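Residue strings, one per chain:
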Amino acid sequence: MIEFKEHEYSNGLRLVMSRRPEIPNVIINSSFYVGSKDENPEKTGISHLLEHLMFSGSENVPKGEFDEILHDNGGDSNAYTSNDMTSYYLSIPSSKTELGMWLDSDRLASFPVDEESLEIQKKVVCEEKQQVHDNSPYGTFDIETAKRLFINSGYRWAIIGDEEHIKSFTLDDVRNYYGKYYNPSNMVLSVTGDIDYDRIVDLAGKYYGTIPAGEKKNNSGYYEPEIESCSEENIEDNITLPARFIMFRAPKIGTREFYALKLVSVALTSGESSKIYRKLIDANISAEAYMYLNGMEFVSVFGFSGFVNEGRTINEAAAVMDEILSELLVKGLSENEIIKAKNKILTSYYLKIQSMTRLANSFGFNKIFYNDCGMVNREVENFDNLDNDFIKDTAGKYLKKEKSIVLNYVPRKRS
Amino acid sequence: MIDRSVMPVTGNPGNIKFPAFREIELENGLKIFLIKDNRYDLITARFLFRSGSFSDFFSGKNKSGLASITSEMLNKGTGKHTAHQIAELLDMNGALTGSGAGYDASFLSLTCLPSNFDSVFGLGADMILEPSFPEAELNSKKNRLINSLISMQDDGAYLAERIFKSVVFEGTPYADDPDGNIRSVNSFGRTDLAEFKNRHFIPSNMIIAVVGNFDDEYIVNKMNESFGFGSEPVVNEDYKFNLKSNGIKVYLKEKKDATQASLYMGHRGVSRNTEDSVRMVFMNTLLGGSFTSRINRNLREEKGLTYGARTAFNFMKYSGDFSVEAEINHDKAGQAVEEIIRELNIIRTGIAEEEEIQKVKNYITGNYPMQLETSNNVAGKILSLELYGVNKNYYDNYLADVNSVSSEDIKKTAEKYLFPDELNIVAVGNVKKLKKQLSGLGEIIITEEVI
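Chains as they are written, first to last, in the numbering used here: chain X, 3 to 417; chain C, 123 to 573.
Worth flagging that the hints you see were computed from the coordinates, not collected in a lab. Being a predicted model, the structure only gives us computed values, none of them experimental. Mixed in with the good hints, there may be bad ones.
[To be verified] Part of the chain X face toward chain C, derived, beta carbon under 8 Å:
#1 Glu61
#2 Pro64
#3 Gly76
#4 Lys98
#5 Gln133
#6 Val203
#7 Asp204
#8 Lys208
#9 Asn286
#10 Leu348
#11 Ser350
#12 Tyr352
C-beta: ideal position from N, C-alpha, C; glycine also.
Construct the entire structure; sequences and hints are all you get.
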């Protein structure tokens, strides 16, 4: 059992803590209930650009000094933006917890970003987009998938955003976005590591509890028309080997159906006795092939990816991938597959919970979306009561061919 | 209201000791490291062999990737089980496994619940002692590896690193990718693997680390039963590395439709057991090894030229290298290289301010405990000390050594290990643009094929 404690302040700030005294460091994670899907469709990428700018200084932390001060005190930091939330985390020696909170909270108390920082980070983000997406093999996958799998909600654009939008952002754009979402009632603070619970409650009260509440973002709602028929498209990329990506919409995390499909993805992918390994990799059709389930606030993405070996064709891979899916819809999983998947999930869980950085992140995520930090202790038992009838029904409901979006990545034709 | 204008005064970081571990030597000389951790109900056994792709060089002509494929084939059939049976048993036990090879070592690792350790370990021992390398399985594995190698050729950063290693270590055992190349992998037969295994995957060449929730005596007995026998000593593979000296060279490789250039530059360095190791790591942290290092601050935070630039000393057993890498807009490649060379010159000739040195000390000291958070990380560090022949008290003295580095040490270390006039500058992307950007630095060589 992972022990944790919670506290709520009058300005709406929610605090979650878990004591791990083995090493003398703490993780301070500030997670905000805003991500790329909350953006204006004409101003995509602002959540992620703002994440970069949050390191550019605040009223009492001079420009460019956030990481300098942190490193000078034995700390380190990072952040990420997802479709639904934006998370900032820093690690610091526990004797300097107060300094870490001072640093992190000052950018919540004030945001004096200037033109120069904005212009530099716009360039950095454009280089990031090149490095991670445009100039990376199969790297445009996120962008191409989002706009086909979703047509109405903010999930239809990728987190990185549109390059033209990024280049056009003004100081007012980022200040307004910050002002709207970066406030104590719209965040969860998670502190893990070598801590004393009472002291953290006091310190967080002092540094975060004194910031004006602001407004909690409303649940933005989610509507997408059903996918009625399978769509399949070819995307040319600078690649040698083709790849086939099949995607479906699936239920959100926390539902029984989510865990059933998670179990499916583990059962069919994990280990060399898995069906995907035997039928695609061992059979020399793919060097890499896997299923995954990515959970988001309102919906998940169930994916099945197969990279095609030299001398084989997308059609050969497609036939096997379709066969694996249709067998799943007819038979579900075998008893053996279910046992193996549950055993893998248990082993992986024990490895995963060893990191207090990941734990702090899980608390932020679970508190924001489910108001339930205890979920970290149920990650294994969620899979206990799933029988094959339910697994089969769930697969049948969500993974039918007509509900799929298929992208075939093919080598660019050269003249 | 609180006064935010005053930075809180906080105490010094608490002390941390490198976690306790037991080192046991069996009668045949095999070393086993036991790292107990009862917090989680898991056991990981890591088997390390002191032979990686360095040994491929001594296994015959064009045997690159042999250590790697041999270790990856260990679970593909033994005297007792077929590949399919092994996979089925490991998966049924919820085991997580891994195997592969780097430059100086090959490994097999097994992770499972203590209640399943008996059967998982039994399979693991079988895989190491009696692998059968079935023909059909080998062909399938070769096919997979070759396709991975083909796919890697689409990645500019990979190509840049590969060209860099192949020119910096040209003609030496470190020139090739530990995973080999398409030609070499294609040529392997069962006997190549069997011979490599017989020569290298034996108790006299092995180091074991066991991590997690176990009883010491039980583990030692298990290891003794399986690996306690005597084996031939491994033939010493010796290679003399000389420092190359040939001025700045620029290697360009065309990558069709690249929208960014992959830059990888540097030169040869030294082996892991150098007595300057702490000073080198320190100097590198200040130069380009962290987010607030000089080179990242300059290229990213001040000029917005890249998403990130990093420098590193890559230590191997008999040699090493120093590298700087970044993905850069084609039109800014010249400026980026110029700035990097400028920083290398500054650190060699200037004296770093005390404040900057203290920052690096605090950064390394404060973050060091995070490296000890998991026992698997701790095991990795212990295995690495043993493999590279570094004194076991390295980490006992680590923080004291870090905190004794002076500005004079930084300058001396930079002078001794950084050679801005001997750089191999590799850039992959649009050659026409890069030629223009990188002219005047030194001889330009166009690389056609990368293996």
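Open item on the list: So, against the hints stated earlier in the document, which numbers end up violated here?
Closed with: 2, 6 and 7
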